[in-house]
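Chains Z and P supply the protein sequences, listed in that same order.
Quick note on this note's numbering: the first sequence kicks off at 35 and runs consecutively.
Quick note on this note's numbering: the second sequence kicks off at 21 and runs consecutively.
Note that these hints are calculated values from the structure, not bench results.
Using N, Cα and C, we set each Cβ at its ideal position, and we do this for glycine too.
A couple of the hints might just be wrong.
Residues of chain Z placed beyond 12 Å of chain P at every Cβ, according to the derived structure [said to hold, decoys possible]:
#1 V43
#2 I66
#3 K67
#4 F74
#5 E77
#6 D82
#7 T83
#8 E97
#9 E104
#10 N116
List of simulated lysine-lysine pairs, DSS-like, C-alpha gap at most 27 Å [unchecked claim]:
#11 K240/P to K60/Z
#12 K45/Z to K196/P
#13 K197/P to K45/Z
#14 K67/Z to K36/P
#15 K74/P to K45/Z
#16 K67/Z to K78/P
#17 K44/Z to K218/P
#18 K45/Z to K199/P
#19 K67/Z to K25/P
#20 K197/P to K257/P
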Amino acid sequence: MKRIPGFTVKKIAGQNVAFPLGNASKEFHGTIKLNGSGLFIWEQLENDTTEENIVLAMLDEYEIDRATAEADVAKFIGVLRNAGLLIE
Amino acid sequence: MFNIKLAGLIVTVNNKYPQLERFCRDYICHGGTPDFSVSVTDEELDAERRASEKTLGKPASPAYAESVCVYRCICRRLPEYNAFLFHASVVECDGNAYAFAAKSGTGKSTHTALWLKHFGSRARIINGDKPIFRLVDGVFRAYGTPWCGKEGYNVNSDSPLTALCFLERGEKNEIKKIKSGDAVMRIFPQILMPADEKNADLLFSLLDRALTALPCFVLKCTISDEAVTVAYNAMLKGNNKI
């Protein structure tokens with residue numbers, strides 16, 4: 035799986051926010067707030083990957099246990115999937 | 021073709037329909053060097069007419085569609101000049117501007133109209149719907165423009181912004197100050213999202229500065245005189261701790 039292309043991430047008042055530019059903005063209206071691990075998972079999804087690979091990358095990056103990483107990844111991917119932002 | 025002065029910028033408008041020049045009559049400017057020019061293609065006009073059919077139930081007139089498209093073109097250029105569109109009703113009182121943003125139909129115009137009733141000649145609406153905010157000499161100012169919502173409230177003038185307020189309907193009147201980070205997701209529906217990376221960088225650095233400079237509030241209110249005093253008292257002392 036990976037993200038649909040055409041998005042950019044900007045930081046404003048300490049918050050990372052993703053939104054579409056150009057043609058992508060015709061398909062998707064709105065913005066996605068990327069909290070701590072959200073930004074990390076978002077970046078992992080730039081190229082084709084799997085949920086398991088993202089969990090492994092999370093465990094590498096953050097000092098968290100596997101259950102927490104799996105829950106964070108599943109939750110965030112669920113948000114992107116519901117918004118129609120994943121290619122699977 | 022005609023020139024208008026908006027937020028201190030001279031803009032050449034290459035119009036197709038004469039209605040637009042009449043619409044902009046209070047802002048027409050003669051002389052001076054234009055900062056930039058805008059024109060709308062037939063494709064953009066057609067797309068706007070089709071889009072408006074979904075909300076209006078019928079296609080907008082070509083002249084109306086041109087007006088919408090021209091303002092969008094102008095607003096896309098604004099971040100290059102430290103300015104941006106902010107969808108809000110801005111009321112000035114005693115020389116300071118207060119911006120009220122809300123989802124369409126919530127009643128931001130109704131609320132700012134209550135300010136006029138309460139403060140009389142001390143207050144006026146700078147722009148009832150689509151003001152331009154511009155950073156000038158370190159101060160964010162709100163500007164009137166001809167594009168101002170169906171009530172037509174606008175003045176060809178400007179005023180320094182004191183605070184931003186996100187308005188919601190409530191059972192009683194209460195206001196709270198929110199952190200700038202908590203205002204971030206609330207401002208996106210009020211702005212014209214950038215079309216390219218360069219525009220996005222300019223706009224977001226401006227918005228970052230605006231959220232640092234301006235205190236933000238959430239007002240839950242009824243349609244009442246008390247709603248005005250609750251909002252005014254909190255926003256006037258906008259620098260109170262959160």
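Quick rundown of the hints versus the structure:
Annotated as non-interface, V43/Z brings its C-beta within 12 Å of a C-beta of chain P; the closest such distance is 10 Å. At roughly 10 Å from the closest C-beta of chain P, the C-beta of I66/Z falls inside 12 Å, breaking its exclusion from the interface. Taking the minimum C-beta to C-beta distance to chain P, about 6 Å, the non-interface status of K67/Z is violated against the 12 Å cut. Chain P leaves F74/Z outside its interface by the beta-carbon criterion, the shortest separation being 19 Å against a cut-off of 12 Å.
With a minimum CB-CB distance of about 17 Å to chain P, E77/Z clears the 12 Å threshold, and the non-interface call stands. Annotated as non-interface, D82/Z keeps its C-beta farther than 12 Å from every C-beta of chain P; the closest such distance is 23 Å. Residue-level check passed: T83/Z sits 24 Å from the nearest beta carbon of chain P, beyond 12 Å. Every CB of chain P lies more than 12 Å from the CB of E97/Z, the least distance being 24 Å, so the non-interface label holds.
Remark: the non-interface label on E104/Z is consistent with the geometry, its nearest Cβ contact in chain P lying 27 Å away (cut-off 12 Å). At roughly 17 Å, the least C-beta separation between N116/Z and chain P is larger than 12 Å, which holds for a residue marked as non-interface. With a CA separation close to 33 Å, the supplied pair K240/P and K60/Z exceeds the 27 Å bound. Our distance criterion of 27 Å between C-alpha atoms is met by K45/Z and K196/P, whose separation comes to about 24 Å.
Among the hinted pairs, K197/P with K45/Z is consistent with the structure: their alpha-carbon atoms are about 22 Å apart, no more than 27 Å. At most 27 Å may separate the alpha-carbon atoms for a hinted pair to count; K67/Z and K36/P exceed this at roughly 41 Å. Of the pairs offered as hints, the one joining K74/P and K45/Z is violated, with about 33 Å between alpha carbons and a cut-off of 27 Å exceeded. For the proposed pair K67/Z and K78/P, the alpha carbon gap of about 35 Å is over 27 Å, so the pair is violated.
The suggested pairing of K44/Z with K218/P holds, with an alpha-carbon distance near 12 Å, which does not exceed 27 Å. Restraint check for K45/Z and K199/P: the C-alpha separation of about 15 Å stays at or below 27 Å, so the hint holds. As the CA atoms of K67/Z and K25/P are separated by approximately 36 Å, the hinted pair breaks the 27 Å bound. The straight-line distance between the Cα atoms of K197/P and K257/P is roughly 11 Å, inside the 27 Å bound, and the hint therefore holds.
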